[in-house]
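Visitor: What follows is the residue order along each chain.
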Amino acid sequence: MPPMLLELAYILSAFLFILGLKRLGSPATAPAGNSMAAAAMLIAVVATLLDRQVVSYAGIAGGIVGGAIVGTILARRVQMTAMPQLVAVFNGFGGGASALVASAELIRQTGMEPGIAGGIAAGVGILVGTVTFSGSVIAWGKLQGVITQRPVLFPLQRVVSFLLFAALVAGVILLAAGPVDPLLVLAMAGAALLLGILLVVPIGGADMPVVVSLLNSYSGLAASAAGFVLGNALLILAGALVGAAGLILTQLMCRAMNRSLANVAFGAFGGVDTTVGQDGPARTARSTTAEEAAPLLGHASRVAIIPGYGLAVAQAQHEVKKLVSNLEERGVEVYFAIHPVAGRMPGHMNVLLAEADIPYELLLDLDDANDQMPRTDVAIVVGANDVVNPEARNPASAIAGMPIVEVDRATTVVVIKRSLSTGFAGIDNPLFYKNRTMMLFADAKVAMADLAREVREV
Amino acid sequence: MGIWLMGIYVFVLAMFVGFELIRKIPPTLHTPLMSGANAISGITLIGAILVVGEGSGGWVTALGIAAVVFATINVVGGFLVTDRMLRMFRRKD
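Chains A and B are the protein sequences, given in the same order. In terms of the working numbering, the numbers along the first sequence are unbroken and rise by one, the last being 629. In terms of the working numbering, the numbers along the second sequence are unbroken and rise by one, the last being 97.
Read the hints as simulated data drawn from the structure, not as lab findings. Bear in mind that the values here come from a model prediction, so they are computed numbers and not experimental data. Don't take every hint at face value.
[Stated by the list, open to error] With beta-carbon atoms standing in for the labels, derived distance ranges: (1) A:E504 x B:L9: 52 to 62 Å; (2) B:R94 x A:G349: 49 to 59 Å; (3) B:K28 x A:P545: 39 to 49 Å; (4) A:F437 x B:R94: 35 to 45 Å; (5) B:R94 x A:P545: 26 to 36 Å; (6) B:P30 x A:S431: 23 to 33 Å; (7) A:E532 x B:G61: 34 to 44 Å; (8) B:M10 x A:P530: 43 to 53 Å; (9) B:G61 x A:D352: 13 to 23 Å; (10) B:F23 x A:G572: 19 to 29 Å; (11) A:L345 x B:L9: 18 to 28 Å; (12) A:P353 x B:L9: 27 to 37 Å; (13) A:S592 x B:F23: 39 to 49 Å.
Note that beta-carbon positions come from the ideal geometry of N, C-alpha and C, so glycine has one too.
Kindly generate the complete structure, drawing on both the sequences and the hints.
Guide: Structure, rendered in structure tokens:
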């Protein structure tokens, strides 16, 4: 393929990537948007295969077939509850691939001078790509429950991380300054692997939406760096698009917790037991049963459901759907209040509810839901804790200023939970002890099934 | 204008386009958006193809093939799983 034609194919591909991302912005056009982005990728890959520089096909064919099989299996088998882990894994592979491309380019130039710009681009590609890879592996482990969800801390952790980072920056400078030494490339990859691990292990399970978003951004930036190494504008462009997308989601997630990125990265949130307000007089929570709560729901005119990660863990989505259907049959208006960090990645809860065939029109975001709350008869909190904790209004609290679903403004609150234990943030929830709150101590799935059944008999 | 400067132009402008496109996307679609964007970051596959395709052999080709495998998992898995999720958002009439 003549170079001119190749460039034209890349421009078409870039155009389709941008259009595809734009269409991913509304539920009606999103499937077409995704197909458009996939087509853009196919055009870019086919055009590259026809490039004059490409003379050897065996390795490429084997790699693509192998990767396609693994990717297909992973994508088909994953449960929606495990989506954050899968996205973490894919981020890791993307970042790892970019680091490998940058390394291979450098090693090809062994003994030669990559130049200042070339050295910096390759060094940054190795650094960001490898950190993405090992950080994603740790994020996967935490989300999958293979590694503890609690922050893992050890003495001098930040000092070690900083020294590693400084050493990597020195490595980048060495690459830019002199002839390529494969040992330097290897050492940098090793240091970056370690750095990725050190950056993610101190972050608690509840902060995973931020970590996954940030790693997503890194995987894009690594691709951009690889683009600079190869002098390929399409890589730079597509990588930057993804880098921007990940950064925005990171920012949204941080804002949803009223915390800075630095606080998420180094705050070790949820690791220490902050026992706020434990010294006050003994408070009693009012316990209830599905039989007792059902009439409240059945006779309500408007019911809010506030789902949290506990709902996903209990796999209770389909029982929730049954409850919604039964309530709607009785003429009760039902809506869902979705907190941005309700799941383990941005928008996770929406996917879980969509899987259970709950129309997305019923899912309200934080602001809309809070507008509805004073006109809501019953708010059912299922498997959520910190996102409905009124302590967020207390300036002295560890979660001060975090935007919450203001369920305490509804007439009655029913909290479905297995015990009075604290959430990930490790702080007590005064909501549980309010007069108008009833605690339904049960597994989310069982409780939802019971409520759905009892509501029919009201 | 050098190729590097050109690259920086593309990078900066694409970041702006990315910000503008994604800022307006409703939270409902954040997960599929992220997995779709993730698949796009697999664009590094074309870099991997170029590295292997030169046929220099040895470590360069070995690393390149590993990159092809990694990037293809990212691309194929990413687009497929995004499609699977988006189907669930379709209204069932």
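Visitor: Are the hints correct? Go through all of them and say.
Guide: Now the hints, each set against the structure:
no. : hint                       : result
1   : A:E504 x B:L9: 52 to 62 Å  : 58 Å, holds
2   : B:R94 x A:G349: 49 to 59 Å : 56 Å, holds
3   : B:K28 x A:P545: 39 to 49 Å : 29 Å, violated
4   : A:F437 x B:R94: 35 to 45 Å : 42 Å, holds
5   : B:R94 x A:P545: 26 to 36 Å : 34 Å, holds
6   : B:P30 x A:S431: 23 to 33 Å : 25 Å, holds
7   : A:E532 x B:G61: 34 to 44 Å : 58 Å, violated
8   : B:M10 x A:P530: 43 to 53 Å : 47 Å, holds
9   : B:G61 x A:D352: 13 to 23 Å : 20 Å, holds
10  : B:F23 x A:G572: 19 to 29 Å : 25 Å, holds
11  : A:L345 x B:L9: 18 to 28 Å  : 24 Å, holds
12  : A:P353 x B:L9: 27 to 37 Å  : 30 Å, holds
13  : A:S592 x B:F23: 39 to 49 Å : 40 Å, holds
Figure legend: structure checked against the earlier numbered hints; hints not met, in rising order: 3 and 7.
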